[in-house]
Amino acid sequence: MKHLVLRFLAVLFVLSLTGCGYNTFQSLDEESKASWSEVLNQYQRRADLVPNLVNVVKGYASHEKEVLTQVADARSKVGSIQVTPELLNDPEAFAKFQAAQGQLTSALSRLLAVSENYPNLKADQGFRDLQAQLEGTENRITVARNRYIETIKNYNVAVRSFPNNLTAMALGYKAKPSFTVENEKAISVAPTVNFESK
Amino acid sequence: MLLASFNVHAELAPIPVLQHRVTDLTQTLSAEQQSALEQKIAAFEQEKGSQIAVLIIPTTQPEVIEQYSIRVAEAWKIGREKEDDGVLLLVAKDDHKMRIEVGYGLEGAIPDLIAKRVITEIMAPSFKQGDFYGGISKAVDALIGLIAGEQLAAPVKQNGQNSFGDLLPLLLVGGLILGSILRAVFGDFFGGILNGGVVAALAWFFGVALLIALLLGIVAFILTLIGPSGLGQLGSGSYSGGGGHSDSWSGGGGGDFGGGGASGDW
Numbered sequence: 001m002k003h004l005v006l007r008f009l010a011v012l013f014v015l016s017l018t019g020c021g022y023n024t025f026q027s028l029d030e031e032s033k034a035s036w037s038e039v040l041n042q043y044q045r046r047a048d049l050v051p052n053l054v055n056v057v058k059g060y061a062s063h064e065k066e067v068l069t070q071v072a073d074a075r076s077k078v079g080s081i082q083v084t085p086e087l088l089n090d091p092e093a094f095a096k097f098q099a100a101q102g103q104l105t106s107a108l109s110r111l112l113a114v115s116e117n118y119p120n121l122k123a124d125q126g127f128r129d130l131q132a133q134l135e136g137t138e139n140r141i142t143v144a145r146n147r148y149i150e151t152i153k154n155y156n157v158a159v160r161s162f163p164n165n166l167t168a169m170a171l172g173y174k175a176k177p178s179f180t181v182e183n184e185k186a187i188s189v190a191p192t193v194n195f196e197s198k
Numbered sequence: 001m002l003l004a005s006f007n008v009h010a011e012l013a014p015i016p017v018l019q020h021r022v023t024d025l026t027q028t029l030s031a032e033q034q035s036a037l038e039q040k041i042a043a044f045e046q047e048k049g050s051q052i053a054v055l056i057i058p059t060t061q062p063e064v065i066e067q068y069s070i071r072v073a074e075a076w077k078i079g080r081e082k083e084d085d086g087v088l089l090l091v092a093k094d095d096h097k098m099r100i101e102v103g104y105g106l107e108g109a110i111p112d113l114i115a116k117r118v119i120t121e122i123m124a125p126s127f128k129q130g131d132f133y134g135g136i137s138k139a140v141d142a143l144i145g146l147i148a149g150e151q152l153a154a155p156v157k158q159n160g161q162n163s164f165g166d167l168l169p170l171l172l173v174g175g176l177i178l179g180s181i182l183r184a185v186f187g188d189f190f191g192g193i194l195n196g197g198v199v200a201a202l203a204w205f206f207g208v209a210l211l212i213a214l215l216l217g218i219v220a221f222i223l224t225l226i227g228p229s230g231l232g233q234l235g236s237g238s239y240s241g242g243g244g245h246s247d248s249w250s251g252g253g254g255g256d257f258g259g260g261g262a263s264g265d266w
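From first to last, the protein sequence lines are chains L and R.
Numbered by my numbering, the letters in the first sequence go through residues 1 to 198 in order.
Numbered by my numbering, the letters in the second sequence go through residues 1 to 266 in order.
Check each hint, because a few of them may be wrong.
Using 27 Å as the maximum straight-line C-alpha spacing, the simulated DSSO-like pairs for lysine-lysine come out as follows [to be verified]:
| # | chain 1 | residue 1 | chain 2 | residue 2 |
| --- | --- | --- | --- | --- |
| 1 | R | 93 | R | 82 |
| 2 | R | 77 | L | 33 |
| 3 | L | 122 | R | 138 |
| 4 | R | 48 | R | 128 |
| 5 | L | 122 | R | 128 |
Hints are computed from structural coordinates only; laboratory data are not their basis.
Quick caveat: nothing in here was measured; it's all calculated off a predicted structure.
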């Protein structure tokens with residue numbers, strides 16, 4: 001008799017898990033992780049481009065020390081942040097990561113703005129190629145960020161709405177941080193620098 | 001907040017329905033030019049499997065071309081699923097901007113800087129002279145050349161696939177014919193068993209899961225016992241249903257895009 005009651009309770013428990021969003025959390029959580037790693041991937045790709053870009057610019061505009069140092073500093077700051085999966089569950093660390101990436105974005109756009117003044121640099125094929133790669137990477141970052149925002153939205157809605165929020169609370173699923181509107185603006189505006197000579 | 005975002009969405013440039021590989025909303029290309037482009041791209045799609053789409057619109061405002069372009073790419077889903085080998089060539093004529101949007105699977109064949117060169121060295125010079133067809137056509141040639149060197153899955157030939165859905169009508173018809181022969185030779189019961197065994201073995205051989213293959217065998221056995229009368233029509237009906245896809249383009253194949261490619265202007 002006791003066994004039967006226990007079994008019944010176990011079945012009830014499992015059913016309550018499927019009914020209260022546990023499976024939804026699992027899949028949305030995975031989805032958000034995947035879209036997050038795509039964001040990281042593209043940021044990494046950008047960081048990898050920076051040393052080459054700095055070198056090429058140095059060759060033509062070595063006395064633009066200030067901008068070049070800014071880029072180098074921002075780049076090393078980005079590199080120094082330990083990117084772990086836990087970053088996603090820690091709003092403070094996430095904000096720090098965002099700030100560092102935003103700094104690199106604005107430093108890069110300043111570098112490109114400065115290079116407008118150097119016709120020889122602009123004519124350099126190596127520079128033009130790096131420029132195209134940087135543009136493409138910035139665009140991929142935007143796309144990846146938008147997709148991340150979308151998956152996080154779905155995840156957070158699932159975690160916060162009733163009755164899923166009870167399951168979420170019991171199992172420790174928290175709402176995840178997303179990109180804020182302010183730096184969304186900063187990032188979508190800054191890097192568009194046009195190099196087609198006019 | 002909600003209202004504001006709704007308004008923003010209401011003002012976005014609309015995404016045209018994907019009906020042809022070449023979509024020109026500006027009447028820039030003549031009918032012959034469109035079909036010439038269309039044929040070139042279709043032939044390549046048949047040979048290689050990758051999909052290219054050309055879209056000419058007046059403007060992408062209020063969005064920048066990159067934002068509009070990724071929306072189109074996400075809506076059209078050109079390129080094959082899993083291969084993600086689609087390319088969108090977008091021209092915003094009044095904005096004097098163009099973009100080559102490259103699917104995930106072709107980011108190696110068409111890196112950003114190569115896409116950029118196609119734009120600045122091939123398209124822009126022609127566009128500057130007002131030769132839109134020439135610029136687009138040469139750009140498509142260049143893209144085809146780039147994709148041709150890439151190792152991709154072979155294009156799916158019609159009837160070339162042994163998927164379960166294609167196999168089922170064949171088994172049904174074959175089973176019924178075989179069943180009536182076997183029944184005549186071995187009698188109802190043994191003929192049915194033999195037929196069921198053959199159908200199950202065949203299904204299993206063609207990659208159907210064992211349990212389902214056995215189920216199919218049992219179905220064949222029962223059908224053989226009952227006899228093909230009345231069921232033959234069902235079989236032939238579902239068989240002819242599969243042969244409908246001749247030459248019409250089925251649109252985007254489900255390819256994904258991640259923002260790769262390049263933009264430029266003229």
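A quick look at each hint next to the structure:
For the given pair, residue 93 of chain R sits about 32 Å from residue 82 of chain R by alpha-carbon distance, which is inconsistent with the 27 Å threshold. Taking the CA atoms of residue 77 of chain R and residue 33 of chain L, the gap is near 23 Å; set against the 27 Å cutoff, the hint holds. Taking the CA atoms of residue 122 of chain L and residue 138 of chain R, the gap is about 26 Å. The hint holds against a cut of 27 Å. Pair hint residue 48 of chain R plus residue 128 of chain R does not hold up; C-alpha atoms about 32 Å apart against a cutoff of 27 Å.
Proximity of residue 122 of chain L to residue 128 of chain R is assessed by CA-CA distance (about 21 Å); at most 27 Å being required, the pair is judged to hold.
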